[in-house]
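Q: Below are the chains, spelled out letter by letter.
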Amino acid sequence: MALLHTVNKSPFESNTFDTCLGLAKDGSTILLIEDGVYAATTGHSVAEKIKNASGISFAVLGPDLQARGLEGKLADGIKVVDYEGFVTLVTEHDAVQSWL
Amino acid sequence: MKISIQVNEGPYQHEASDTAYQFTKAALAAGHEIFRVFFYHDGVNNATRLAVPPQDDRNISAQWSELAKENNLDMVVCIAAAQRRGIMDPDEAKRQGLDADNIAEGFRISGLGQLIEAGIESDRLVVFGD
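So the sequences go chain by chain: A and B.
Per numbering that gives the first Met the number 0: the first sequence ends with 99, consecutive numbering throughout.
Per numbering that gives the first Met the number 0: the second sequence ends with 129, consecutive numbering throughout.
Quick caveat, the hints were computed from the structure, so don't treat them as lab data.
By construction, the Cβ of each residue, glycine as well, lies at the ideal position given by its N, Cα and C atoms.
If you want the ones that stay clear, here's a sample from chain B, every Cβ over 12 Å from chain A, calculated:
(1) LEU49
(2) GLN54
(3) ASP55
(4) GLU69
(5) ASN71
(6) ALA79
(7) ARG83
(8) ALA99
(9) ASN101
(10) ILE115
Below, a list of computed lysine-lysine pairs in the BS3-like style, where the Cα atoms sit at most 27 Å apart:
(11) B/LYS1 / B/LYS68
(12) B/LYS24 / B/LYS68
(13) A/LYS78 / B/LYS1
(14) B/LYS1 / A/LYS24
(15) A/LYS72 / A/LYS50
(16) A/LYS78 / B/LYS24
(17) A/LYS24 / A/LYS50
(18) A/LYS50 / A/LYS78
Partial chain B-side listing against chain A, Cβ under 8 Å, derived:
(19) GLU14
(20) THR18
(21) GLN21
(22) PHE22
(23) ALA25
(24) ALA29
(25) HIS31
(26) ARG123
(27) VAL125
(28) VAL126
(29) PHE127
(30) ASP129
Work out the full structure, taking the sequences as your base and the hints as a guide.
A: So this is what it looks like as structure tokens:
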């Protein structure tokens, strides 16, 4: 079963991203929203974890990235989606797990 | 696809109410059916009609009311969470002997069964919160 995981906390504030990454199965997608978008930037240990994760897709909510001025710091391999893309991800996966 | 939304965070707290609103709007625009929007925990604070944010800021409660009116949304507020936080409709205010109610247009107060039903009836349940 392919799950869409949403993470809305910065990995420097909360451990939900780490827990999610540890439990996400192959074929699932982790969508970074709200303060979770900090995980999608370069230059820190979290970026390495994303780079080394195989079998899992990563996406980030573009408007939240822009609201924080982070468009220029986006790490490779992370797909930027808008709200419409968020809805599409929800429909493309079997269920949604929100890590709050 | 039939989608339901759960909102667990109050407006102007972090970002969950805004994200939930934008997501709901996008889902409707994409042609999906929103079966229900359920407000739980501090999320019930989205349902007050007495919030007066500065004029250059968005009015989150009013945004929900408008979206509900345009799309005939079913927006349900958890009764136990609402009573704790002073969100009252006219019937509840009267039953509790209070002198005022504050529920915004388009919201209705009901029980947790409505969330369970939303989970069963919808293809997807998306939760937004703190």
